[in-house]
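Here is what each chain is made of, one letter per residue.
Protein chains: 2
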Amino acid sequence: MMFEPFWKKMSDKYNVTIGGGDLMSYFSDGNNVCWFLEPELGAAIRRLHGVVGNAVTDDRYIVVGTGSSQLFQALLYAFTTPGGPEPVSVVSSAPYYSAYAEVVGFLRSELYKWEGDAYKFNKKGAYIEVVNSPNNPDGTLREAVVMNRTGNGNGKLIYDFAYYWPQFTAITGAADYDNMLFTISKCTGHAGSRIGWALVKDKDIAKKMTEYITISSIGVSKESQFRAAKIIEVVCNGTQNVGSVKSENFFEYGRKILSERWQKLRETIQNSEYLILSKYPQEHCLFSGKLVETLSAYAWLESKDNTKDCNEFLRGLKIIGKSGKICGAHQKFARVNLMCREEEFNQFIERLSATRGKGFINGH
Amino acid sequence: MMFEPFWKKMSDKYNVTIGGGDLMSYFSDGNNVCWFLEPELGAAIRRLHGVVGNAVTDDRYIVVGTGSSQLFQALLYAFTTPGGPEPVSVVSSAPYYSAYAEVVGFLRSELYKWEGDAYKFNKKGAYIEVVNSPNNPDGTLREAVVMNRTGNGNGKLIYDFAYYWPQFTAITGAADYDNMLFTISKCTGHAGSRIGWALVKDKDIAKKMTEYITISSIGVSKESQFRAAKIIEVVCNGTQNVGSVKSENFFEYGRKILSERWQKLRETIQNSEYLILSKYPQEHCLFSGKLVETLSAYAWLESKDNTKDCNEFLRGLKIIGKSGKICGAHQKFARVNLMCREEEFNQFIERLSATRGKGFINGH
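If you read the protein sequences in the order shown, they are chains A and B.
In this text, residue positions in the first sequence follow the numbering used here: the first is 11, and each later residue adds one.
In this text, residue positions in the second sequence follow the numbering used here: the first is 11, and each later residue adds one.
Among these hints, one or two may not hold up.
The list treats identical chains as one, so a pair stands whether inside a single copy or across any two.
[Stated by the list, open to error] Each computed SDA-like pair below joins lysine to any residue, with the alpha-carbon atoms no more than 20 Å apart:
#1 Lys217 <-> Phe116
#2 Lys19 <-> Gln273
#3 Lys240 <-> Gly31
#4 Lys240 <-> Gly29
#5 Lys300 <-> Lys314
#6 Lys123 <-> Pro95
#7 Lys123 <-> Thr91
#8 Lys332 <-> Ile225
#9 Lys217 <-> Asp127
#10 Lys123 <-> Gly94
#11 Lys134 <-> Lys213
#12 Lys218 <-> Trp45
#13 Lys240 <-> Leu33
#14 Lys289 <-> Ser108
#15 Lys123 <-> Glu96
#16 Lys240 <-> Asn251
#17 Lys328 <-> Gly40
#18 Lys332 <-> Glu120
#19 Lys332 <-> Val252
#20 Lys19 <-> Arg351
#21 Lys133 <-> Ala364
#22 Lys166 <-> Gly115
#23 Lys123 <-> Gly93
#24 Lys218 <-> Val113
#25 Lys18 <-> Phe37
Derived from the structure by calculation, the hints contain no laboratory data.
None of the values given here were measured: they were computed from a predicted structure.
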């Protein structure tokens, strides 16, 4: 909800109107591998990646999903069917996005199985590694690790680029991997639309993903696709100054807000007796032409005292966080979402400031 | 797409406009068990069932899904987690909607397992029976069968009421089961919106379903929910003559179109040497106050000659059908969708008429 003020201000410009007889069919484009993708959304996505320069879309199929969560599941299905006797291992470097573990495990599928931290994975045979860069929860830039560590070349890679947008990090090049996931939730902040997309090199994988989404939900909301296409188009116009003024560059706006939040957060933590925040490297951003730092969507807080449970500490301050434990990391870490509304962020800073001289509450 | 002309004619009245800053959050109502259900949609659904009289909504939780497919999976999950050593059997009376089998089987879950025809199911222990009434593909009215047949009282029941609307069948009472599924695809024809809903009696089941949808897609498109709420509200107004004229009663319109199609179809089949269509009973409809016949959304065609493959026969006439085999029935049956655009329906009738005196093409 961090970006909401931008959209509220610009609301009219991004209006969409849908008539009672519009968008009624299951089908969007029977000639496309992903037959439920609205062609306007496909075109908008290609344009967006071109404008931002964060991913290659040439020779890629676009598969749309109900959020990138559904596309992650579609890729698991595409990589593992028809299934063999053993479930395929799924890993990601800790700390990892805890939903990966949930999604892989919740239906007790015989096709795949969550095996946790990619740094601890030593099995032979097929595996799937998810690379999330910048990474949720800790904001680090990531590369695949299993192949380099163990030489196991039987891996399939999923690049989750939810946060590879200029407001969060330097765009250092157009990502050119075989299977890349994006979501409008993090790109523009329209989480309620549940629109994600995959850029997929292999046609058979794109077909299998489409099959997954067909079986699981018979496609993806046309209303959300229609609106996402509009929002992306106008974002591109604003970024390229097409019929817009400079103030309408969404990514600059996003970076400005996040940058202010990170400054406040670092100032607050700086003198903390209890918490640490790590620094992120600066890199040259091809999108802005500037040297920029990663501004993670989350604060990855660490207790100075290794024996302290960071999330418990936060809870004592009435701050809602997520324990490092459920991200495959130590309990001295906790994640706090920074993409909230301004009043919530200010409250977070206020409560965090209250730690000075107070010591651990609820605290061991 | 059968109902599209109605919506095109009325398009303006059913317009929705969404501003750039609207519907951005994951959350719709943090106090509701189903926290991603837009309150306006919940209210519209309760009003609709009241107006039509087809289901009880008192003391029921509403869970919204990305189509009723996702809700079916959410119910399977709710009924079977935490899982036991054996997958729970899932059955439905043949001929059944083939997607049930696909959805149950495609991830090779250890939680549940497709066991086919409820009439052939004789195992002890837990099971789930899906009752689809009127039934896809054959249009019959259905009740649960396993308990009556075998006395096995360990079953959970899912009532799929996708077609229990006045255009398709007599509304003979307000269904009052524990777990009932509906979808806007069949109710109003807005299949592209991917909006289904469940009416659920047990709070824990509603919570588990919500958990399923949270893990699998972090909620349901807000744009689709917003639009579905509007469409349902205006349908209710039209049905109740609130600020509308008689011609705006959608359900009467729907029944009229379907009734014309069935008449043409029966006339065409009447003298066929090759095909039969069964008759549906007439019942008193509490909604219209008339004696009405079921007008199935599908033609369930049967070859007069038991040895003939009905779908093969249709293919020879360039008619796209679905074989009875994949619905758990004999290959002498095939299903043809009647809810298509008018030109497609007329083409179907034309091609079907061409059978007279031609004999089986491609045909054994």
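Here is what the structure says about each hint:
no. : hint              : result
1   : Lys217 <-> Phe116 : between (24 Å within a copy, 15 Å between copies)
2   : Lys19 <-> Gln273  : neither (24 Å within a copy, 55 Å between copies)
3   : Lys240 <-> Gly31  : both (19 Å within a copy, 13 Å between copies)
4   : Lys240 <-> Gly29  : both (16 Å within a copy, 11 Å between copies)
5   : Lys300 <-> Lys314 : neither (33 Å within a copy, 76 Å between copies)
6   : Lys123 <-> Pro95  : both (12 Å within a copy, 17 Å between copies)
7   : Lys123 <-> Thr91  : both (13 Å within a copy, 17 Å between copies)
8   : Lys332 <-> Ile225 : between (33 Å within a copy, 16 Å between copies)
9   : Lys217 <-> Asp127 : neither (29 Å within a copy, 30 Å between copies)
10  : Lys123 <-> Gly94  : both (13 Å within a copy, 18 Å between copies)
11  : Lys134 <-> Lys213 : neither (27 Å within a copy, 44 Å between copies)
12  : Lys218 <-> Trp45  : within (12 Å within a copy, 31 Å between copies)
13  : Lys240 <-> Leu33  : both (15 Å within a copy, 15 Å between copies)
14  : Lys289 <-> Ser108 : neither (23 Å within a copy, 54 Å between copies)
15  : Lys123 <-> Glu96  : both (9 Å within a copy, 18 Å between copies)
16  : Lys240 <-> Asn251 : within (16 Å within a copy, 36 Å between copies)
17  : Lys328 <-> Gly40  : between (52 Å within a copy, 18 Å between copies)
18  : Lys332 <-> Glu120 : neither (29 Å within a copy, 29 Å between copies)
19  : Lys332 <-> Val252 : neither (41 Å within a copy, 50 Å between copies)
20  : Lys19 <-> Arg351  : within (15 Å within a copy, 41 Å between copies)
21  : Lys133 <-> Ala364 : neither (47 Å within a copy, 62 Å between copies)
22  : Lys166 <-> Gly115 : within (18 Å within a copy, 24 Å between copies)
23  : Lys123 <-> Gly93  : both (12 Å within a copy, 16 Å between copies)
24  : Lys218 <-> Val113 : both (18 Å within a copy, 15 Å between copies)
25  : Lys18 <-> Phe37   : between (32 Å within a copy, 17 Å between copies)
When each numbered hint is compared with the structure, violations occur for hints 2, 5, 9, 11, 14, 18, 19 and 21.
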